[in-house]
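Student: Counting from 11, one number per residue, gives the positions in the sequence shown under this note's numbering.
One or more of the hints may lead you astray.
Unchecked claim - Derived Cβ-Cβ restraints for the label pairs, each shown as a range: (1) 38 - 204: 14 to 24 angstroms; (2) 199 - 68: 10 to 20 angstroms; (3) 198 - 36: 37 to 47 angstroms; (4) 75 - 222: 16 to 26 angstroms; (5) 49 - 206: 40 to 50 angstroms; (6) 199 - 71: 29 to 39 angstroms; (7) 200 - 66: 20 to 30 angstroms.
In short, the hints are calculated from the structure, not lab data. For each residue, glycine too, the CB sits at the ideal point set by N, CA and C.
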Amino acid sequence: MRPPLRAVALLAATAALVTACSTSDDWSEPHPTPSAIGTLGPGFVDPTTKPAPEATITPRPGSWAGVHPPKDYRVVLLTGGDDNPTKALVNAVKEWADDEHVDLRTIVVGNTHDAVPSIAKAMEMGPDLIVSAGNDLIDALALVTPSHLDEKFLVVGAELAEPTHNVTAVDWDGASFRGEGLGMSSTYDPNSFTADRCAAAIRAGVAAVLNDLTGIVVWL
């Protein structure tokens, strides 16, 4: 039987590298529920109806640009793998965090074959959002996220095959990995993970989450 996630997280603390880019070191203090600063532009989503669970939306390019997170938005970046697409996604998330004054902390998963303890550690930290970068984390996320519906997750550059309402993904033609059981998409192209594409992915995804458009795939 797998031990409780809380216990696993404590055991895994020494196995994960955690770094902070923050003006505040203590996430234990009370924190207001985050809300978006700014509004979505025309064409992000049909304003008359909310997307169905697991739906895919294709927002107009740049329609997310007017939405920003509140200052000191608490985000954990969960990353695993040293391939170029993962590196590009990590760089984009860190640059976004710097630009938006986000309180970002990073967990680097050393053993991606058993990423559950690192996901547990991320949840234990009490973030507003957990951002996942790297195909190697998808199977573990699919295992953990349905049991923790109060935690918000954003997957950039990949997606879960059957996401629950707390998991949002941003994908595009050239990405869309959905787990080892489904194999790599025939259109997968590591060269599609450009700096501009990855920057758009984190910004569009956070804009969706802050507007309660979750449990869907945002297709760029």
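Student: Look at each hint and say if it fits the structure.
Tutor: Do the hints match the structure? See the list:
| no. | hint | in the structure |
| --- | --- | --- |
| 1 | 38 - 204: 14 to 24 angstroms | violated (38 angstroms) |
| 2 | 199 - 68: 10 to 20 angstroms | holds (18 angstroms) |
| 3 | 198 - 36: 37 to 47 angstroms | holds (41 angstroms) |
| 4 | 75 - 222: 16 to 26 angstroms | holds (19 angstroms) |
| 5 | 49 - 206: 40 to 50 angstroms | violated (23 angstroms) |
| 6 | 199 - 71: 29 to 39 angstroms | violated (19 angstroms) |
| 7 | 200 - 66: 20 to 30 angstroms | holds (22 angstroms) |
Hint violations for this structure: numbers 1, 5, 6, all remaining hints satisfied.
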